[in-house]
Amino acid sequence: MSRRTVHIVMIVLAVIGLGVASYLTYVHFAGIKPACTAGESCTKVQTSVYSKLVGVPVALMGLIGYIAILGSLLAPETETSRFATLIFTLAGFGFSAYLTYRELFSIHAICEWCASSAGIMTILMLLSVWRFLRGDGSLDAPRVETGEGPLSAQVSAN
Amino acid sequence: MIPVEPESDLTRKQRREQAREERKAIEEASAAQSAQRKRLIQLGGVAAVVVVIIAIILVATGSGGSKKAPAPSSPAAKTAATEVISLLQGIPQSGITLGNPNAPITLQYFGDLECPFCKQFTLSALPTIIKKYVRTGKVKIEYRSMQTATRERETFQEQQVAALAAGKQNLMWHYVELFYHEQGEEDSGYVTESYLQGLAAQIPGLNLSDWSAARNDPSYPNQVIADAQAANQNGFTGTPSFMIGKTGGGLQKLEVSGFTDASQFETAIEKLLKA
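Sequence order for the protein chains is Y and W.
Each residue of the first sequence is one higher than the one before, counting from 0 in numbering that gives the first Met the number 0.
Each residue of the second sequence is one higher than the one before, counting from 0 in numbering that gives the first Met the number 0.
It is worth saying that the hints were derived from the structure and are not from the lab.
Using N, Cα and C, we set each Cβ at its ideal position, and we do this for glycine too.
One or more of the hints may lead you astray.
[What the hints assert, rightly or not] Derived DEER-like restraints, expressed as beta-carbon distance ranges:
1. Y/Phe28 with W/Arg150: 20 to 30 Å
2. Y/Phe28 with W/Ala54: 26 to 36 Å
3. W/Ile224 with Y/Gly70: 52 to 62 Å
[To be verified] List of simulated lysine-lysine pairs, DSS-like, C-alpha gap at most 27 Å:
4. Y/Lys32 with W/Lys252
5. W/Lys131 with Y/Lys32
6. W/Lys167 with W/Lys77
Start from the sequences, fold in the hints, and give me the full structure.
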């Protein structure tokens, strides 16, 4: 897969994740039940004590996280922007892993919206690690030397 | 005639060129390696920080920050009791019904006492409906049960029967309101015998020995079954759910998009009052 394709896939995933997090944030603040095929599971997760961390709804945290990821992906691509994406997706992945653990072992219910967000975040994290480690590719292949650069001028002068 | 460079000079130049290329390749490979090493260190650093933060969150929320039901004598329970008593003061009750028995409109509220959305509705939209329509004799509300949030069937029946038993002394709505006000965290096992008795003890005027005796009344489990059947017939999939209509006439399902806002209930009630 080319770097460009990976970049586009990541943007698409971040937009989908943003949509999921926006919906869950809306549901939280509107006090309505999330659309859920698994009966009351989503409601159970959304209204559990784990749906907030230090008073902040986790759905809102997810929304902010996806905005940060999308922002770093849309920024001009540099080593710094790739590193920023890596930080945000790793943090998002870690937090999703924590929430999934809580769903499975504390709340005993799985919210399909949360699970889909966790899946998206996992793929985003893997792609961002790949993208970061690959760098900009400038050091992967030897440059074509034109003989007009300062180094060649220096060597020729010797 | 074109001057020919000596072979030794060409070789020297070629050697220089070759050496330069080699040096450059080595420098580039070294730079690539160094950059890759730096990236791996950064990746490891970020991953380690994330792991530490998540571990801290796990430890900090380890107990779940579990919201247990307040003890009956606690300030939280006393505040809840004061609110409930003030809300229901002077409104007639009969069994599961709150309000004037001859009220022109009947609203049925299907709830699970452990359901957090029912708590939301009971604490936000319901007081408005009670103050505006029940207290004025326009609407009566029947509380009926439907198991959703409560995991165990036995617990569901036990808590519902405890509420129905308070209804024998026409204080069921006090019990239901107090339950929602003091509701604990789902699946935390807070509904114990002492919790159920603690709620009863907070209701002024409730004779506790009569209430305890009424809890063995065999008609109440049948009432719970009848409620479940009614909920099923109405096609309810969750709680809270509602039926509304003219008293004595057929009731219709009332669909609302949110439980914190009383406006959709008010609209439905006003429409029926004008009909």
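Results of checking the hints against the structure:
Checked against the hint of 20 to 30 Å, the C-beta distance between phenylalanine 28 of chain Y and arginine 150 of chain W comes to roughly 27 Å, which is consistent with it. In this structure, phenylalanine 28 of chain Y and alanine 54 of chain W meet the distance hint of 26 to 36 Å, their C-beta atoms being roughly 30 Å apart. Evaluation of the 52 to 62 Å hint for isoleucine 224 of chain W and glycine 70 of chain Y yields a pass: the beta carbon distance comes to about 56 Å. Pair hint lysine 32 of chain Y plus lysine 252 of chain W holds up; C-alpha atoms about 17 Å apart against a cutoff of 27 Å.
With a C-alpha separation of about 26 Å, the suggested pair lysine 131 of chain W and lysine 32 of chain Y falls inside the 27 Å cut-off, and the hint holds. At most 27 Å may separate the alpha-carbon atoms for a hinted pair to count; lysine 167 of chain W and lysine 77 of chain W meet this at roughly 24 Å.
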